[in-house]
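Taken in order, the sequence shown gives residues 1 to 559; the numbers are from full-length UniProt numbering.
One or more of the hints may lead you astray.
[Unchecked claim] Cβ pair distances, simulated, as ranges: (1) Val152 / Glu192: 17 to 23 Å; (2) Glu252 / Gln20: 27 to 33 Å; (3) Lys200 / Gly104: 37 to 43 Å; (4) Lys200 / Ile116: 48 to 54 Å; (5) Glu326 / Glu252: 55 to 61 Å.
[To be verified] The list that follows gives simulated cross-link-like pairs (lysine-lysine, DSS-like), each with its CA atoms no further than 30 Å apart: (6) Lys476 / Lys455; (7) Lys24 / Lys57; (8) Lys70 / Lys57; (9) Lys468 / Lys485; (10) Lys46 / Lys56; (11) Lys56 / Lys89; (12) Lys200 / Lys243.
In case anyone wonders, no lab produced these hints; they're calculated from the structure.
For every residue, glycine included, the Cβ atom is placed at its ideal position computed from N, Cα and C.
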Amino acid sequence: GKKVITTRCSDRKSVLTCGQRCGKLLECGRHQCERICHVGACDPCKVLINAPCFCKKQVEVVICGDMVVKGKVKAEDGIFSCSSTCGKKLRCGNHYCAENCHPGPCGDCELMPSKIRSCYCGKTSLQEQRQSCLDPIPTCSETCAKFLPCQVHRCDQVCHAGNCPPCLVLVTQKCLCGSTSRRVECYKTTLENERFTCDKPCGRKKSCGRHRCSERCCPLSNSNSLHSGGWDPHFCQMACGKKLRCGQHSCESLCHSGHCPPCLETIFTDLTCACGRTSIPPPLPCGTPPPSCQLPCSVPQLCGHSSSHSCHFGDCPPCSVPVAKECIGGHVVLRNIPCGSKDIRCNKLCGKTRQCGLHACGRTCHPAPCDASSGAEPGVRTSCGQTCGAPRRDCRHTCTAPCHPSAPCPDVRCDFRVTITCSCGRLSATVPCDAGGCTGGFNADTVFEASIIQKLPVPLQPVESTGKKIPLGQRKLMCDDECAKLERKRVLADAFDITPPNLDALHFGENSVTSEVLFDLYRRDPKWVLAVEERCKFLVLGKNRGTTTGLKVHVFCPM
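Produce the complete structure using the sequences and hints provided.
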């Protein structure tokens, strides 16, 4: 403002300086600006001052602009507070100032007679006027009853000089999280170095929702606790560290919930496609996708065919030119198969001989080998894992053991279910074949055989004891009375040439009336009944007994 310059209206926005010293009074109120004429506010005062404290005990070099006191000051009065006890003599001449280093004169002595009108507890007025601040202050016999520093309980001592003693009342104090409590003197609850805490870990989730608080005795570990104060112990201060959408940089913000902000980095290089023929000039935000290139792929195909797809990053897709290819098992040649196709299967059975040399592979068309592991030594046949299937020696059923090319079939009991019948074939039952295995002695097989026999509808026919085991599948059931009756009907039908034999139409010995008549005749004349029966047998069984006559008629003598 020291000089006026005439300029064009269009140049009003240009900076006008006169080149002279600024000289404005700085904010400190004590020094002037030494800069050349400038625009804007002046800088803070940087002048160094040797400043004594108010009590004259310390002298420090301070920056003028950092001083709280503005304007002119007297160095002899002090400029700052050193925070130590003042220690100056009061006006009474007997006591010293107990306040911290302060500006201005010290206050009056608190023990002056004009200020003390009662005893220490304030319940009894002084009877005699004190003459000096050195005169003692009398005490009374009343209880002090002043509030102790805890501001809850009162002093229970008799009126006394000085400060009241610490509060010794036992109170219940809870820890910060509220899960543990203790009995302690009241004054200890207000001491900073006596803070009562427990060892219970918090474990609640922090503000980010990802991490958990590991502090012990956390004041917010209880869900009913409310946060108070400026500092939140559950505010997560860990770095987020998640990958941003660009995929190259990590989130540097404090741990938070929800999505991370977009990447603020900038790319200053050209962003090109895979073949390099299409590009985007910089600058670009980090995470910008590469440009889309519609030109054909320039990577040569291994098969020799020309590429039919556009420019791309990464491996080329399989070639799609139709060609003839053999299936993976070598069974058939399939036509119009895409050139890049692999693992072509024809869904036919493999049929190749497996490593055992006995069985054919039963899997559908598959890549070699048929067996997961080769033999231990060259030329040695090993098991393929399939069922053996060879005919058994004792019963000709197939062996059910796993493939065993280097060993004979195991001699174990055959469990194949077979049907056995009686001699006439009317009765039947399903039993295990039971061939093979142990040939004698009392073992599990004999117990098993006995349990099967107990479940049969009729007993088995007896066999001759030859010392060899006869399997259940080769035994026969015993015929019962019904079988014998059917056999008699069959013989009678054969005697009378009934073709086909209708055994249900033949009835003999089944009429109760006829039977009673025969029994009565037999009681009266047994010889005659037996003779008639013998002649009937000869008449019916004549051909079966080797007779050559075709006699089928007999005339009895008149009775």
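Each hint tested on the structure:
1. Val152 / Glu192: 17 to 23 Å: Holds - the Cβ-Cβ distance for Val152 and Glu192, about 18 Å, lies within 17 to 23 Å.
2. Glu252 / Gln20: 27 to 33 Å: violated, 48 Å
3. Lys200 / Gly104: 37 to 43 Å: Hint violated: Cβ distance 53 Å, outside 37 to 43 Å.
4. Lys200 / Ile116: 48 to 54 Å: holds, 53 Å
5. Glu326 / Glu252: 55 to 61 Å: 58 Å Cβ-Cβ, so the 55 to 61 Å window holds.
6. Lys476 / Lys455: It holds: about 15 Å lies between the C-alpha atoms, which stays within 30 Å.
7. Lys24 / Lys57: Since the Cα atoms of Lys24 and Lys57 sit roughly 35 Å apart, the hinted pair is violated (cutoff 30 Å).
8. Lys70 / Lys57: holds, 22 Å
9. Lys468 / Lys485: violated, 34 Å
10. Lys46 / Lys56: holds, 24 Å
11. Lys56 / Lys89: This hinted pair holds, its Cα atoms lying about 14 Å apart.
12. Lys200 / Lys243: Outside the cut-off at roughly 35 Å; violated.
In summary, the structure is inconsistent with hints 2, 3, 7, 9 and 12 from the numbered list given earlier, while agreeing with the others.
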